[in-house]
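Hey, can you work out the whole structure from these sequences and the hints?
Each chain, written out:
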Amino acid sequence: MNRVLHAEWTKVRTEPTARWLLPTIVVATVLVSLLAIAAASCEGGGCGLDPVALSLAGVQLGQAVVVMLAVLAIGGEQGTGLLRTTFTAAPRRMVVLAAKAVLTGGLTLAAGTVAVLGCVAAGRAILPGNGNGNGNAAPSLADGPTLRAVVGSVLYLVLIGLLALGVAAAIRDSAAAMGAVLALLYAVPLVAAAINDPELQRTLRRFAPMTAGLAVQATTDLDDLPIGPWAGLAVLAAWSGASLLLGALLLHHRDP
Amino acid sequence: MSDFGRLVRAEWTKFRTVRGWVLGTVAAALVTVLLGLFVASNSHSVCSKGTVDVECPTSPVGPDGQPVRDKFYFVHQPLAGDGAITVRVTSMTGLITYPPPDHDEIVPGLVEWAKAGVIVKDGTAEGSRYVALMVTAKHGVRMQHDFVHDTAGKPGAVSADAPRWLRLTRVGDTLTGEESADGASWTSVGTAQLAGTVEIGLFVTSPSDLTVHGGVGGGGFQARLAKATATFDSVGLTGTAPGGDWLRDDIGVEPNPDGTLHHPGSVEEAGGVMTVSGNGDIAPLTGESGPAIQLALIGLVIGLIVVIVVAALFITTELRRGVIGVTLLASPRRGRVLAAKAVVLGAVTFVAGTAAAALVIPLAWAALRSNGFRQPGVPLPTIARVALEAGLLVAGAALLALGLGALLRRGLAAVGIAVAVVVLPYLAAVVGGLPTAASEWLLRLTPAAAFAIQQVTPEYAHVLASYTPGSGYYPLPAWGGLAVMAGYAALALGLASARLRRSDA
Chain P
18 MNRVLHAEWT
28 KVRTEPTARW
38 LLPTIVVATV
48 LVSLLAIAAA
58 SCEGGGCGLD
68 PVALSLAGVQ
78 LGQAVVVMLA
88 VLAIGGEQGT
98 GLLRTTFTAA
108 PRRMVVLAAK
118 AVLTGGLTLA
128 AGTVAVLGCV
138 AAGRAILPGN
148 GNGNGNAAPS
158 LADGPTLRAV
168 VGSVLYLVLI
178 GLLALGVAAA
188 IRDSAAAMGA
198 VLALLYAVPL
208 VAAAINDPEL
218 QRTLRRFAPM
228 TAGLAVQATT
238 DLDDLPIGPW
248 AGLAVLAAWS
258 GASLLLGALL
268 LHHRDP
Chain G
23 MSDFGRLVRA
33 EWTKFRTVRG
43 WVLGTVAAAL
53 VTVLLGLFVA
63 SNSHSVCSKG
73 TVDVECPTSP
83 VGPDGQPVRD
93 KFYFVHQPLA
103 GDGAITVRVT
113 SMTGLITYPP
123 PDHDEIVPGL
133 VEWAKAGVIV
143 KDGTAEGSRY
153 VALMVTAKHG
163 VRMQHDFVHD
173 TAGKPGAVSA
183 DAPRWLRLTR
193 VGDTLTGEES
203 ADGASWTSVG
213 TAQLAGTVEI
223 GLFVTSPSDL
233 TVHGGVGGGG
243 FQARLAKATA
253 TFDSVGLTGT
263 APGGDWLRDD
273 IGVEPNPDGT
283 LHHPGSVEEA
293 GGVMTVSGNG
303 DIAPLTGESG
313 PAIQLALIGL
323 VIGLIVVIVV
333 AALFITTELR
343 RGVIGVTLLA
353 SPRRGRVLAA
363 KAVVLGAVTF
373 VAGTAAAALV
383 IPLAWAALRS
393 NGFRQPGVPL
403 PTIARVALEA
413 GLLVAGAALL
423 ALGLGALLRR
433 GLAAVGIAVA
443 VVVLPYLAAV
453 VGGLPTAASE
463 WLLRLTPAAA
473 FAIQQVTPEY
483 AHVLASYTPG
493 SGYYPLPAWG
503 GLAVMAGYAA
513 LALGLASARL
523 RRSDA
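Chains as they are written, first to last, in the working numbering: chain P, 18 to 273; chain G, 23 to 527.
Some hints here could point you the wrong way.
Unchecked claim - If you want the footprint, here are the derived chain G segments under chain P, 3+ residues with CB under 8 Å:
| hint | region |
| --- | --- |
| 1 | 54-64 |
| 2 | 323-330 |
| 3 | 435-448 |
| 4 | 456-470 |
FYI, nobody ran anything at the bench for these hints, they're computed from the structure. The beta-carbon is built from N, C-alpha and C at its ideal position, and this holds for glycine as well.
And the structure:
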């Protein structure tokens with residue numbers, strides 16, 4: 018395992034796209050959070066929004082870059098046929114997939130932590146100034162729910178990365194895998210916002226990976242959430258697990 | 023066959039023989055139709071009176087077939103031929119029920135488009151034609167006719183110190199509106215046409231007091247009942263039967279379940295002074311069909327992701343496998359190979375997008391109507407226009423992804439970037455809960471501007487409403503949005519063509 022892990026690490030280190038994807042995760046996440054915070058003035062109807070979830074809004078874009086990183090981890094080799102070489106060198110395919118999962122998870126954990134802390138810093142710097150005195154408090158890591166939202170957001174990004182890795186292992190084409198994961202993530206929030214049947218809306222949001230997983234970011238109005246914060250993250254974890262399992266099965270039984 | 027014609031034919035053969043690309047295109051159309059139907063059949067409109075659920079009322083329809091609001095208090099007499107009405111408006115006051123921030127009391131005040139004045143109307147049926155000259159709370163004197171037409175007179179509000187004279191004269195079929203500060207020197211405001219026997223008289227109405235929230239999940243807004251009261255004196259009427267009685271009609275008022283009227287208007291007459299109160303509006307309805315088109319086309323957003331994948335693969339598969347070397351050997355002018363691919367891909371995705379939209383709009387509409395929605399149907403030309411423009415939107419996104427694929431040579435990066443600039447800005451603007459101004463900038467600057475094709479009801483300067491992307495109103499016109507998308511696609515294809523010419527395949 019260590020040897021395979023080391024080999025995978027060398028691949029990522031020397032892959033130019035992966036090298037600039039990591040800073041892109043941080044920049045995209047923090048940038049969108051900054052824009053969301055700056056736009057949330059009282060005149061714009063931003064008063065009384067959950068200050069923590071608002072500060073972490075950038076995760077909704079950052080996850081797309083995480084998906085790209087994860088798909089690249091396996092899709093890059095599948096597209097060029099290099100995966101055959103990899104499997105010749107390391108015939109235990111599950112170990113290869115596990116190494117890729119550990120590496121994708123680890124890199125996302127690192128980039129995600131920097132990104133999420135950047136979002137919190139942005140929230141602390143800007144939010145108290147644009148609430149017109151009665152609106153938004155600054156998020157503080159000393160506060161229990163805020164800490165849960167911050168740690169949860171990093172875990173959310175890691176789980177999204179694993180979900181994407183599993184799909185990419187199953188679909189084999191990186192462009193198609195990218196499209197499939199993005200459609201899976203963004204379709205339900207869109208559809209749920211469009212229908213006006215509150216029961217169905219709640220059900221959809223409870224079981225979809227993005228809406229359930231992002232429940233972990235909420236610190237106000239917890240009773241209105243479609244699903245509890247940790248339970249939501251567990252739903253996403255189930256998606257990621259199922260996706261990795263499917264990817265592993267197909268990888269095992271199919272010629273690369 | 024011309025050289026380029028052969029190239030196009032070769033690309034078409036490639037496209038139709040790769041099963042994944044054909045299936046992907048069909049899947050994109052299916053996703054569009056099925057998601058639209060799913061959303062429409064799970065959306066219900068329920069109207070209630072008090073605690074009783076009732077069938078939702080159908081809105082009256084104006085002279086051009088558009089849904090309108092036609093609710094006001096009307097004091098009138100019949101007029102067969104030529105004639106005129108002259109009044110002096112000496113005051114305009116009102117009440118707004120439970121406004122923010124505390125929502126706990128009824129306060130005096132007028133909403134900006136509260137209206138009082140003189141009107142000539144083709145009968146008392148809701149939606150019938152009219153010509154009106156009025157003072158408004160914040161927009162001065164206006165002459166309006168047939169709901170959508172609005173001409174401004176002099177600005178300024180009415181008070182006892184600054185009364186306003188209004189005169190509406192009919193000669194033949196032509197009505198002329200004039201205003202005056204003293205009843206002696208008159209200024210013309212505008213003219214309009216209305217033939218036949220009409221009702222001529224005074225009216226007062228007031229739209230609801232609105233608060234628009236920044237585009238949260240389809241543009242939420244709150245409306246609070248507002249009432250206006252105006253005092254008229256020096257009423258002069260010519261052309262009507264001498265000594266005729268004033269008729270009173272509360273146009274558009276709804277009965278409560280117990281038989282009383284829901285917020286009725288009123289008139290009091292004492293010594294030639296008439297005090298009229300009313301609420302409602304005489305205006306086109308806004309946001310009635312816009313969101314429904316948006317609802318029907320919701321699947322297009324996800325269908326676009328599939329189209330983007332197919333478009334990116336259409337070029338990157340060849341680039342990566344080295345087949346492009348053979349293609350370029352067969353046709354050494356490289357820019358033209360990309361152009362041939364663009365022609366084939368553009369045509370295929372345009373057809374798929376148009377067909378999917380043309381199918382889903384009427385189907386979703388039928389589902390919405392059977393679920394209690396009571397908008398009038400979309401006219402066939404509008405469906406055709408939106409469907410063709412949806413085809414252009416899909417083709418534009420496909421060409422942008424093709425350009426990105428040729429430029430970056432990686433399907434993954436092309437798909438990621440294309441989705442990030444086409445789909446995500448739209449999601450952020452419409453369901454992301456952004457403030458309206460931020461949403462509108464996203465829909466001006468990014469290729470997502472092309473989603474403006476979904477707007478079918480115009481924005482009216484004389485009607486205050488929730489004009490947000492969430493309710494189907496876009497900052498650019500449809501052609502403008504499509505032009506923004508086309509610009510990005512052309513840029514990507516241009517850069518890609520330059521790169522293809524310069525570098526090895």
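To see whether the hints hold, each was checked on the structure:
1. 54-64: With 4 residues close enough to chain P, the hint holds.
2. 323-330: Our answer is that it holds, as 5 residues pass the Cβ test (under 8 Å) against chain P, meeting three.
3. 435-448: holds (count 8)
4. 456-470: holds (count 5)
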